[in-house]
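S.K.: Each chain is listed here by its residues.
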Amino acid sequence: MTTDLYIHESNQVYDAIVVGSGITGGWAAKEFCERGMQTLMIERGRVVEHRKDYITEGKGPWQFDNRTKVDNLLTEEIYSVQKKCYAFSDMTKHFFGNDKDLPYSTKEGTGFDWIRANQLGGKSLLWHRQSYRLSDFDFAANKADGHGNDWPIRYNDLKSWYSHVETFAGISGSEEGLEQLPDSEYLPPFEMTAPELHVKQKIEEQFPGRHLIMGRTAHLTKPTQLHLEQGRVACQAKSECHKGCSLGAYFSTQSSTLPAAAKTGNLSIAPNSVVHSLIYDEKTQRVKGVRVVDNDNLTTREYFAKVVFLCASTLGSAQIMLNTKTKSFPNGIANSSGVLGHYLMDHNYNAGATATVEGFEDEYFSGRRPGGILIPNFQYKPSLYKKDYVRGYGFSGGSYRESWQSNAHQKGIGADYKATLTKLGKWKMKLGAQGEMLPRFDNYMALHSTKTDKWGIPLIHIDCTWSENERLMMADAEQTAVDMLTKAGLTEVESFNSVDRRNPGLAIHEVGTARMGRDPKESVLNGFNQCHDVDNLFVTDGASFCSSAVQNPSLTFMAITVRAVDYCVKEMKAMRI
Amino acid sequence: MPTNLTKTELQQKVDGQDNRRLFMKKMVCLFGATTALAVLSGCDKSEALRFTAQGSDPSKNDNLFSGHELTVLYSLCESILPKTDTPSAVEAGCHKFVPHQLQHCHSKQQQNDCIQIINTVDMQANVKFGKTFVLLQPQQQQQLLLDIESDALTTDIEKSQFSFLKALIVFGYFTSEIGATQALNYQAMPGGFKGSIPATSETKSWGSQAYY
Numbered sequence: 001m002t003t004d005l006y007i008h009e010s011n012q013v014y015d016a017i018v019v020g021s022g023i024t025g026g027w028a029a030k031e032f033c034e035r036g037m038q039t040l041m042i043e044r045g046r047v048v049e050h051r052k053d054y055i056t057e058g059k060g061p062w063q064f065d066n067r068t069k070v071d072n073l074l075t076e077e078i079y080s081v082q083k084k085c086y087a088f089s090d091m092t093k094h095f096f097g098n099d100k101d102l103p104y105s106t107k108e109g110t111g112f113d114w115i116r117a118n119q120l121g122g123k124s125l126l127w128h129r130q131s132y133r134l135s136d137f138d139f140a141a142n143k144a145d146g147h148g149n150d151w152p153i154r155y156n157d158l159k160s161w162y163s164h165v166e167t168f169a170g171i172s173g174s175e176e177g178l179e180q181l182p183d184s185e186y187l188p189p190f191e192m193t194a195p196e197l198h199v200k201q202k203i204e205e206q207f208p209g210r211h212l213i214m215g216r217t218a219h220l221t222k223p224t225q226l227h228l229e230q231g232r233v234a235c236q237a238k239s240e241c242h243k244g245c246s247l248g249a250y251f252s253t254q255s256s257t258l259p260a261a262a263k264t265g266n267l268s269i270a271p272n273s274v275v276h277s278l279i280y281d282e283k284t285q286r287v288k289g290v291r292v293v294d295n296d297n298l299t300t301r302e303y304f305a306k307v308v309f310l311c312a313s314t315l316g317s318a319q320i321m322l323n324t325k326t327k328s329f330p331n332g333i334a335n336s337s338g339v340l341g342h343y344l345m346d347h348n349y350n351a352g353a354t355a356t357v358e359g360f361e362d363e364y365f366s367g368r369r370p371g372g373i374l375i376p377n378f379q380y381k382p383s384l385y386k387k388d389y390v391r392g393y394g395f396s397g398g399s400y401r402e403s404w405q406s407n408a409h410q411k412g413i414g415a416d417y418k419a420t421l422t423k424l425g426k427w428k429m430k431l432g433a434q435g436e437m438l439p440r441f442d443n444y445m446a447l448h449s450t451k452t453d454k455w456g457i458p459l460i461h462i463d464c465t466w467s468e469n470e471r472l473m474m475a476d477a478e479q480t481a482v483d484m485l486t487k488a489g490l491t492e493v494e495s496f497n498s499v500d501r502r503n504p505g506l507a508i509h510e511v512g513t514a515r516m517g518r519d520p521k522e523s524v525l526n527g528f529n530q531c532h533d534v535d536n537l538f539v540t541d542g543a544s545f546c547s548s549a550v551q552n553p554s555l556t557f558m559a560i561t562v563r564a565v566d567y568c569v570k571e572m573k574a575m576r577i
Numbered sequence: 001m002p003t004n005l006t007k008t009e010l011q012q013k014v015d016g017q018d019n020r021r022l023f024m025k026k027m028v029c030l031f032g033a034t035t036a037l038a039v040l041s042g043c044d045k046s047e048a049l050r051f052t053a054q055g056s057d058p059s060k061n062d063n064l065f066s067g068h069e070l071t072v073l074y075s076l077c078e079s080i081l082p083k084t085d086t087p088s089a090v091e092a093g094c095h096k097f098v099p100h101q102l103q104h105c106h107s108k109q110q111q112n113d114c115i116q117i118i119n120t121v122d123m124q125a126n127v128k129f130g131k132t133f134v135l136l137q138p139q140q141q142q143q144l145l146l147d148i149e150s151d152a153l154t155t156d157i158e159k160s161q162f163s164f165l166k167a168l169i170v171f172g173y174f175t176s177e178i179g180a181t182q183a184l185n186y187q188a189m190p191g192g193f194k195g196s197i198p199a200t201s202e203t204k205s206w207g208s209q210a211y212y
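Protein chains in written order, with the working numbering: chain H, 1 to 577; chain Y, 1 to 212.
Mixed in with the good hints there might be a few duds.
Stated by the list, open to error - The calculated DSSO-like cross-link candidates involving lysine-lysine, where the alpha carbons are at most 27 angstroms apart (straight line), are:
id	chain 1	residue 1	chain 2	residue 2
1	Y	159	H	69
2	Y	204	H	430
3	H	454	H	107
4	H	84	H	59
5	Y	108	H	430
6	H	423	Y	204
7	Y	204	H	426
8	Y	131	H	69
9	H	222	Y	194
10	Y	108	H	100
11	H	59	Y	159
12	H	93	Y	96
13	Y	159	H	423
14	Y	96	H	423
15	Y	194	H	83
The hints are simulated quantities; they were obtained by calculation from the structure and are not laboratory data.
When you get a sec, could you build the whole thing from the sequences and use the hints?
M.R.: Dropping the structure here:
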C-alpha cells in the first residue's frame with residue numbers, strides 16, 4: 001500500500017472518481033486500478049483499517065458493559081433507526097450510521113427504515129454475505145407481467161462477470177442446476193445439520209419443484225491461492241462477521257477489493273468527504289468532478305476526473321444526482337426522464353414459520369455457521385404465479401437446538417431449571433420468506449423542499465409503502481411456510497406475518513432509484529449503467545435495478561459494476577467518453 | 001444512603017456477636033426499620049444483606065432499587081439459578097447486573113415491573129411465612145416462586161413481570177463469563193462448521209452465540 005493512499009486536497013484530474021467504498025465502490029475502484037486508471041475513491045465517513053479497527057472482534061458478551069445491548073439513551077439519541085437492524089448491537093454499533101447526524105424524512109403515515117454504514121468499506125463490513133445470481137426469469141419478469149420496465153440486460157450479459165467476481169470474492173455453495181438460480185463459481189458449501197437434511201428430503205418429496213439447498217455465502221470455506229494472496233484465510237465459523245473479520249474470511253472492501261486496488265499504485269482515497277453534488281459542464285455536457293463538504297469541519301473542496309462512478313448506495317447516489325441541479329437538468333442531473341428517485345424497492349422479509357423437528361436428540365453441530373439454508377423462489381415465472389398476486393418469494397432459514405435463549409421464559413426455579421437451560425433443547429426449524437417487491441412509480445425518494453443536513457445537503461424525503469401485491473404475497477408465504485413444515489412432518493408449527501408492522505428498508509436491499517432501461521424517456525441508465533443523458537456518469541449500485549427479484553442483490557451489484565467499468569474503460573480508450 | 005463501611009469492616013461487625021447491636025443500628029440507617037426488624041427476627045443468613053450494603057451505593061445503581069429490594073433481588077438470583085456443579089447467578093454477579101441492565105437498556109415500565117414484582121414476592125413471603133423472602137429457607141423460596149409462576153391466585157401481570165425478571169437474570173447469567181464458559185460450552189474459535197456431531201442428554205449447549 002502506498003503511503004499517500006489517503007489524500008485531502010488535490011488538483012489532479014483523475015481518470016475515474018468512484019463515489020462510495022462499499023461493495024460496489026470497492027469493485028469499481030479495483031477494476032479501474034487494475035486497468036491502469038488513476039482512481040480516486042471518495043468516502044463520506046472515516047477510515048476503517050482492516051484488522052486494526054475491528055475493535056470489538058474476539059470479545060465475549062461479558063466484555064461489553066451492557067452484555068452486547070446498546071445503552072437506551074445512546075440508542076434514542078443517535079441510533080433511533082439503526083437499532084431496528086438485526087445486526088445492530090454494542091458489538092457493531094460503531095459501523096452503523098448516526099441517525100442524529102443523518103436525518104431523513106418520510107411521508108406522514110409511512111415509514112422507511114434506512115440502515116446506513118458510512119465509513120470506509122460501507123456496508124461490506126456489515127452485510128449478510130448471501131450471494132446469488134439473478135436468472136433470466138428475473139431479468140425478464142418486468143416484461144413478462146408488465147410491472148416496471150424491461151431490464152436492458154439478460155443473464156448472458158452478466159454471466160462471465162458473475163464468474164469474475166465470484167472467483168475473486170470467494171462464494172461457498174453447491175451445484176444445483178436450477179434454472180431460476182444459476183450456479184456460481186463455488187468454494188465448498190457449508191454443511192447442513194441432520195434435521196435440515198431430513199427436512200430437505202421431506203420437502204423435496206412432498207413439493208416437486210421446490211428445493212432446499214445450502215445458502216450461498218461470500219465466505220472462504222476453502223480459500224484458493226487467489227484468496228491467500230489477498231491475505232485471507234479460511235472461515236472459522238465464528239459468525240461474528242459484523243464486528244469485522246481479521247481473517248478476511250468473508251468478502252469485504254477491506255479484506256478483498258481495497259488491497260487489490262491499492263496494490264496497483266493507482267488508488268487514492270479521499271475519506272471524510274461528503275459529496276454534495278456533481279460538477280457539470282454545460283458546454284461539453286459532461287461531469288467534471290464532484291463538490292465535497294468535509295465530514296468534520298464542513299469546509300468545501302472539489303475533485304476532478306474524466307469519469308464519475310456513483311456507488312454511494314441506492315438512496316445516496318440518487319440524492320447526489322437530485323442535488324445536482326443545472327441549467328440543462330433543473331430536476332437533477334441525468335433526469336430528463338423524470339424517473340430519478342422513483343421505483344424505490346426493498347425486499348419483503350415479513351412472513352414465515354417456526355416448527356419443532358421431533359427426534360435427532362443425539363445430533364448437534366459445532367461452530368456457528370454464518371448463514372442458513374435456502375428454498376429458492378418457486379414462483380419465478382408467470383405460469384407459476386399464484387392467482388391473486390404476481391411474482392414470488394424464496395425462504396431462508398435453518399435449524400437450531402433450543403437453548404437458554406429460547407427457554408428462559410419456561411416455568412421453573414432452581415437446579416432443575418438451571419440444568420434445562422444448559423442442556424440441549426428441542427430441534428427447531430425456521431423458514432422466513434424473502435419476497436419480491438414490485439417496482440412502482442409511487443414509491444419514491446425526493447429531496448426535502450426546505451430541510452438540509454449539517455453538510456447543507458437537502459434531506460432525503462421518502463414515500464414508500466408495501467402494496468396490496470406485497471401483502472397478499474406475505475399472507476400466502478405465511479400459509480405456505482406452515483404447509484411445508486407441516487407436510488414435512490414437523491410439529492408445533494407457529495407462523496408470523498409482520499408486513500403491517502415493519503416498514504420497507506429493513507431487508508437492507510433498497511434498489512431502483514435510477515433504473516436502467518433501453519428508453520431514455522423512462523429510465524436513467526442504459527444497459528451499461530451509463531447515464532442516457534451524461535456519457536461520463538455511471539451509477540452501478542442498487543439504484544440501477546429495474547426489479548428487485550428475490551435474491552440478495554450484492555453479488556449482482558458486483559457483477560454489473562465490473563461490467564460497467566470494463567465497458568467504460570474501453571469507451572475511454574476509443575475516445576467515445 | 002451511602003455507607004463508609006468497607007465490605008471487610010462490615011463483615012467483621014456482622015461476625016462479631018458483640019457488635020450485633022451496632023450492626024442493627026447501621027441496618028436501620030441503611031434500609032429502614034422493616035428490614036432491620038426482619039433481621040432481628042432471626043438473622044442467620046446475612047449474605048444478601050451484606051451485598052446490599054455495597055449495592056446501595058447510589059453512584060452505582062442510581063437508587064433504582066431500595067436497599068431492601070436489592071436484598072430480595074439477591075435472594076431471587078440465588079434461588080432461580082443456585083450453585084450446582086457450576087456457580088450460581090449470584091456468583092456470576094447477576095444481582096448487580098440486573099439493576100445495571102435495567103438502568104441502561106430497559107424502559108421505565110420494565111424497571112417499574114421489576115420493582116413491583118420484587119415487592120410482590122416479598123409481600124407474599126410475609127403473608128405466607130411471616131418474614132421477608134430473604135430469610136426464608138431455600139425450599140420455601142423456591143416453592144414461593146413456583147407458586148407465583150403457576151398459582152391461579154397470581155395475576156397475569158404478576159406472572160409476566162416475574163417472567164421478565166427471571167429472563168433478565170438468565171440473560172445476565174449466560175452472558176457472564178462464568179455462565180457462558182462454565183455453565184455452557186464456549187467456542188471462541190470453532191475452527192469451522194460441522195453440521196453433525198454426537199450429543200447426549202448431558203451435552204451442554206454452546207455458550208458462544210453470534211447474536212445475544
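S.K.: Please go over all the hints and tell whether each is borne out by the structure.
M.R.: Results of checking the hints against the structure:
no.	hint	verdict
1	159(Y) <-> 69(H)	holds, 25 angstroms
2	204(Y) <-> 430(H)	holds, 22 angstroms
3	454(H) <-> 107(H)	holds, 21 angstroms
4	84(H) <-> 59(H)	holds, 23 angstroms
5	108(Y) <-> 430(H)	violated, 33 angstroms
6	423(H) <-> 204(Y)	holds, 5 angstroms
7	204(Y) <-> 426(H)	holds, 13 angstroms
8	131(Y) <-> 69(H)	violated, 37 angstroms
9	222(H) <-> 194(Y)	holds, 14 angstroms
10	108(Y) <-> 100(H)	holds, 23 angstroms
11	59(H) <-> 159(Y)	violated, 35 angstroms
12	93(H) <-> 96(Y)	holds, 25 angstroms
13	159(Y) <-> 423(H)	holds, 25 angstroms
14	96(Y) <-> 423(H)	holds, 26 angstroms
15	194(Y) <-> 83(H)	violated, 32 angstroms
In summary, the structure is inconsistent with hints 5, 8, 11 and 15 from the numbered list given earlier, while agreeing with the others.
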